Amino acid sequence: MKIAKTIKLFIGGEFPRTESGRSFAVTVFNTNNVYANLCQASRKDLKNAVSAAKAALGGWGGKTAYNRSQILYRMAEMMEGKRAEFVDVLMKTLGYFNEDAQKSVDQGIESLVYFSGFADKYQQVMGSVNPVAGPHHSFTTAEPVGVVGLIYDLKFNLGDLCAQIGSVICSGNTLVALMPFEGSAVIAPLSEVLATSDLPKGVVNLLTGSRDELYKVFGSHMEIHSLKYQGQDQKISSDLQVLATGNLKRFVGNKSDSVSLEQLLQFIEYKTVWHPIGL
Amino acid sequence: MQAGTQNKKLKTSSKNVAGRGVESTSYQNRFVKGIPFKFDYEASVESTEVVKIKSQNELFIGGKFVKPQSGKYFKTLNPATENVLAEVAEANSTDVDLAVLAARKAFATWSKLSGHERGRYLFKIARIIQERAREVAILESLDNGKPIKETRDVDTPLAAAHFFYHAGWADKLEYVVPGRSVAPLGVVGQIIPWNFPLLMAAWKIAPALACGNTVVLKPAETTPLTALLLAEIIQQAELPEGVVNIVTGAGETGANLVDHPDVNKIAFTGSTDIGRRIQKAIAGTQKRLTLELGGKSAHIIFEDAAIDQAIEGVINGIYFNQGHVCCAGSRLLLEESISELFVKKLKKRMQKIRIGNPLDKNTDIGAINSAGELQKIQNLVGVGKTEGGEFFEPNLTLPSKGYFHKPCFFNGVSSAATLSRVEVFGPVLTIATFRTPEEAVLKANDTPYGLAAGLWSEKGSKIHKVASRLRAGVIWANTYNKFDPTSPFGGYYESGFGREGGRHGLLGYLEVK
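Just so you know, the protein sequences line up as chains A and B, in that order. Taking our numbering, the leading residue of the first sequence gets 1, the next gets one more, and so forth. Taking our numbering, the leading residue of the second sequence gets 1, the next gets one more, and so forth.
Don't take every hint at face value.
[Stated by the list, open to error] Per label pair, the in silico range of CB-to-CB distance:
| id | chain 1 | residue 1 | chain 2 | residue 2 | range |
| --- | --- | --- | --- | --- | --- |
| 1 | A | Q232 | B | E303 | 53 to 59 Å |
| 2 | B | S414 | A | L154 | 43 to 49 Å |
| 3 | A | P276 | B | K172 | 28 to 34 Å |
| 4 | A | K216 | B | T94 | 36 to 42 Å |
[Unchecked claim] Listed below are the simulated EDC-like cross-link pairs for lysine to aspartate or glutamate, each with C-alpha atoms no more than 20 Å apart in a straight line:
| id | chain 1 | residue 1 | chain 2 | residue 2 |
| --- | --- | --- | --- | --- |
| 5 | B | K443 | A | E223 |
| 6 | B | K280 | A | D239 |
| 7 | A | K54 | B | E438 |
| 8 | A | K255 | B | E511 |
| 9 | B | K462 | A | E14 |
| 10 | A | K54 | B | E439 |
| 11 | B | K465 | A | E143 |
| 12 | A | K235 | B | D259 |
| 13 | A | K54 | A | D239 |
| 14 | A | K54 | B | D446 |
| 15 | B | K513 | A | D257 |
| 16 | B | K513 | A | E262 |
| 17 | B | K465 | A | D120 |
| 18 | B | K280 | A | E223 |
| 19 | B | K280 | A | E85 |
In short, the hints are calculated from the structure, not lab data. Note that the structure is a prediction, hence the values are computed from the model and not measured. Just so it is clear, CB atoms sit at the ideal spot from N, CA and C, and this is done for glycine as well.
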């Protein structure tokens, strides 16, 4: 008998079960056969994930951009190494044909490589030296916004999901993401990629569970600084915008072209520093 | 300030001559040829002759001054005398409808105009503001209460500079976002506060117009007059009608604008509470939003700072514009080793502040903008007194009429105290100490806001390290409260989102394709 992998959450670089002990079954596509029992993350799991993401901010943002770039590239390398496992999950749980599954993994890798390259470039594209009318050096740099929450609520798309992750973390943000329900089982190979890429603990935290149960917790959490709703449900979108006002979260709505500079800029703040010029 | 030959013989430090608001020290106790003498300030002109205030002011819609459909008017006061300056129309929802309609109509042609032509209008507005600068500055001081020294040297020239800077962008928008084309958003609703009335109008209107949008602007109810003067200037510049519409009124007028279905974007500067309400109000709509909100900015003085310069920086940081500044350096953090000396020097310096008639060009601190704001500040100072810390205010005489508040500070205040957390928006400073740069950063960042921060040190590497760790949108190192149209301004966290000024400021008024 083959040993089946127990699929768990990914929080603070570890693989805990949900503290709630709850699970939901993912079936093999078009059958009633259970593929795996996944954790149904609770409000407490989400809070633990945010704590881990917050704790990881300083270390991750404090790394050199070159270093972050290499770690994202490493993630792409590890994804290539786990290609067979991704393909297997995609075919079994989502009914992909082998060709589509392979293409999907290609896109995931592509997205990570793209944002790996941006980690040390967006600063120059978006930064500026400001020609102020006075004896001052004034310059503007792009900085991470902080802890980003992501609710992925579109049809599963590995390329887009990896673009969301890459675009958030390449600039030094940390992430708490709720996996798309339909592709929840992908959390297994994905979190193993994250765990083996020299990515510091807590930079990316992945949860599986119920969108309806958790989205309001994302919306009202005071230590999430920016909230991305990659989804199209009008009610959820507007609920989240209302909840975001609690701590003036930057709410970022659904965006289709995720492999782009604009995607990255959704999670950026601009800091302007002044200093006198004189003798 | 003074003749160079005299300067050599002064016993006061030459360092004191530099910087805003230090005339009061440099004029004291001079020695010329060994004979000590003292002299007082020259009488100030204080003439308001150049300003003609209409007793009744209408709304500016579709290029014309029109009576409000509401039929209602409200009064605006001179806070330094409590005298009524004028009556101003109060726009109701019908008036806001008409203004948005005029802006929508104008958008069709204005957005199609070449950038070159749009720029011409903005250049012209900038020039007229410069030409009418004296009138603008005096009116601003009258309606707001801020010292003429500031309206003359800061508000008015900066307002002109904002139009001038953005005028040049109008035909260069293809360079804003590399490799992308951009388009205007449509009709922009803009709501501005009373602390820099004309300057805020310029910050809002100039980039919006340069990008091809049209505008409905609502000035604050206590300071509507310079916005209406700007409307006159806009008429004089022959800006096509409806491109800028100005609706005066209070919160309800603003709410009508925010809720209007035909507005594409809201730009708001004001309190975090109202910002939150606006974010909530537009939730679920397609409206874009930028918010420039409150702050509780830290001002860090390291032991290796140029102390006398830092004193001037602190004075400017918190007492500029009566402390009615969203980015005011209201939390002073002193390295423990210099705290005693610094506080002593600060007290001495505060004693030299001149408070009083805003139209006197020697005045450093003018009037608090309204009775309500004064009450709010007094209440918070009252809370501060019950919560502890050493309270200090200089021995200054306040005018018998008008809304005035002495500059003051609370020394030794814990970071949990109300005054360390709540934005006072007045001339009230809190002082605490720290022992290491790490502690300074921790304390500075210990706030839900993130608008600005200041730090003083003569060590370059320390400045860069600390500046990179401070979580705020604007960092002033060895200076404070500097503003420029080329320099993006705006906050992190609960200080809002979006930037104003510079290339980054344009992003808030453009759709990137």
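Outcome of the hint check:
no. : hint                            : in the structure
1   : Q232(A) <-> E303(B): 53 to 59 Å : holds (56 Å)
2   : S414(B) <-> L154(A): 43 to 49 Å : holds (47 Å)
3   : P276(A) <-> K172(B): 28 to 34 Å : holds (29 Å)
4   : K216(A) <-> T94(B): 36 to 42 Å  : holds (38 Å)
5   : K443(B) <-> E223(A)             : holds (17 Å)
6   : K280(B) <-> D239(A)             : holds (9 Å)
7   : K54(A) <-> E438(B)              : holds (18 Å)
8   : K255(A) <-> E511(B)             : holds (14 Å)
9   : K462(B) <-> E14(A)              : violated (36 Å)
10  : K54(A) <-> E439(B)              : holds (19 Å)
11  : K465(B) <-> E143(A)             : holds (14 Å)
12  : K235(A) <-> D259(B)             : holds (19 Å)
13  : K54(A) <-> D239(A)              : violated (24 Å)
14  : K54(A) <-> D446(B)              : holds (14 Å)
15  : K513(B) <-> D257(A)             : holds (11 Å)
16  : K513(B) <-> E262(A)             : holds (10 Å)
17  : K465(B) <-> D120(A)             : holds (19 Å)
18  : K280(B) <-> E223(A)             : holds (19 Å)
19  : K280(B) <-> E85(A)              : violated (44 Å)
Comparing the model with each earlier hint shows violations of hints 9, 13, 19; every other hint is respected.
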